[in-house]
Each structure stands twice: as C-alpha cells, then as structure tokens.
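Chains as they are written, first to last, in my numbering: chain Y, -12 to 98; chain W, 3 to 123.
Since the hints were derived computationally from the structure, they do not count as laboratory data. Among the clues, some could well be false.
Said to hold, decoys possible - Among chain Y residues calculated to face chain W with C-beta under 8 Å, some are:
{"no.": "1", "residue": "G17"}
{"no.": "2", "residue": "P32"}
{"no.": "3", "residue": "Y37"}
{"no.": "4", "residue": "N38"}
{"no.": "5", "residue": "G92"}
For every residue, glycine included, the Cβ atom is placed at its ideal position computed from N, Cα and C.
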Amino acid sequence: QSVLTQPPSASGTPGQRVTISCSGSSSNIGTNTVTWYQQLPGAAPKLLIYNNDRRPSGVPDRFSGSKSGTSASLAISGLQSEDEADYYCAAWDDSLSAPWVFGGGTKLTVL
Amino acid sequence: EVQLVDSGGGLVQPGGSLKLSCAASGFTFSGAAMHWVRQASGKGLEWVGHIRSKANNYATAYAASVRGRFTISRDDSEKTAYLQMNSLKTEDTGVYYCTRLWIGWSAFDIWGQGTMVTVSS
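All chains, full assembly: derive it from the sequences and hints.
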C-alpha cells in the first residue's frame, strides 16, 4: 500500500490528452513539492516534473504538472506511442517513518 | 557525461549479506545527497534510504522496512556510494537503483541503471 495514491492504469489514443492523478496528505503533498518520473519498460526512472510543475531541460512541453491541496496531477497532451510507460509521483513526507514516498505507479497504454 | 553506475547485485540466500556500489561521474559527488530506491518485480518504487554530504555530517536515514539491516555509506575520494544489506529477506528481492537528490529541485535527477538482487534459497 503506497502512501501516495495513483490509478493503476490509464490509456488514450495518439493525439489525445491524458491526466494521471496523485493523492496524498498534509504531511507530504500538502506541505511539500511533487515530482513525477517516467519509467519506460526495462529502464530506470527518469525525472519528468519537479517542483510540482517544472520541466527539466529536454522534457517535451507536452508534459505538465499541477498541484492543489493534497493532490497533484500529470497531464500529457498530444499523446504519442513512445509515451507508453509507467508514471510515478513522489514527495517528501514530514513524518519520521519514511522521508520520501512514492505513488504506486500508473501504467499508461497508448491504444 | 553525468552518470551513476550501479553494481554488486546477485543471488543470495535468506539471512545473507550483499554490498551494492554506485559509481558516480560527471558531477561533484562530494556535495551530493545520494539515495537508494528499489523496485520489486512488477511493483512500484520504494525509497530505501539516503546519505547526505560531508557538510551535512554524512547523515543517513532509512525506510522502516530496512532499518537496522541496511547501511548506506560513501567514499567521496572514490566518488562511490554503497548499500550494505544484511539479514536479507525474500521480500528484499528486486532491482536497486542509486539516485542523486538535486536539492534545489527536491527531485531525483540522476539515476543508475539498477542492479538486481535476488534473495532465495
């Protein structure tokens, strides 16, 4: 059971816009910034979004992030086949038991 | 090139030990906070622990699931971080990644390729 809650799956057709949610609590998302990671099959995770809505250099502007209260979202517009991957949200948690927490991951399928 | 290279994984029996290494290049390793994250087969990411820089007294922290069994260390002269795993359990099986926490972004911006640890009799 992950501390951050994500839907296990999402799907869309090429060109569509897809949104993935991430729900947390006041000790993590409610207080700290959210990051998003993309994990292609058989590869290591890759940073996609930091500070809730900032993109590292090289990440297409089709990817965008937002945060409101204790929830965050990742949106992918103009969906492409190469976007098929697992997506994880993460945040610092102020509780002592686990400083860093991840969502359970969302498998995105491009139909 | 900025990169992390994970190594040291393998097959170990329950109760055994294993030491993973994470070799860094292309950035100032001594100032970086280094973390370990693991992933069981077909499962999500789980934070394992971290070690901060010398400026932060090499402070460490661990997930409850590994606390008391795993130890993270670093050798700044070798630009390498380590994960010593003792009293291994079958549920410790998975791919282990080292990653750098970029403080300014509060994000894991560089990841190793991962090394597979299998705990089985």
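Next on the checklist: Can you verify the interface hint for G17 of chain Y: is its Cβ closer than 8 Å to any Cβ in chain W?
Outcome noted: 15 Å, violated
Next on the checklist: Min Cβ distance, G92 of chain Y to chain W: is it shorter than 8 Å?
Outcome noted: Given a least distance of 4 Å, the restraint on G92 of chain Y holds.
Checklist entry - When the nearest CB of chain W is found for N38 of chain Y, is that gap smaller than 8 Å? => result 6 Å, holds
Checklist entry - Any CB of chain W closer than 8 Å to the CB of P32 of chain Y? => result 6 Å, holds
Checklist entry - Going by Cβ atoms only, is Y37 of chain Y closer than 8 Å to chain W? => result Status holds, d = 4 Å.
The earlier numbered hint that this structure contradicts is number 1, and it is the only one.
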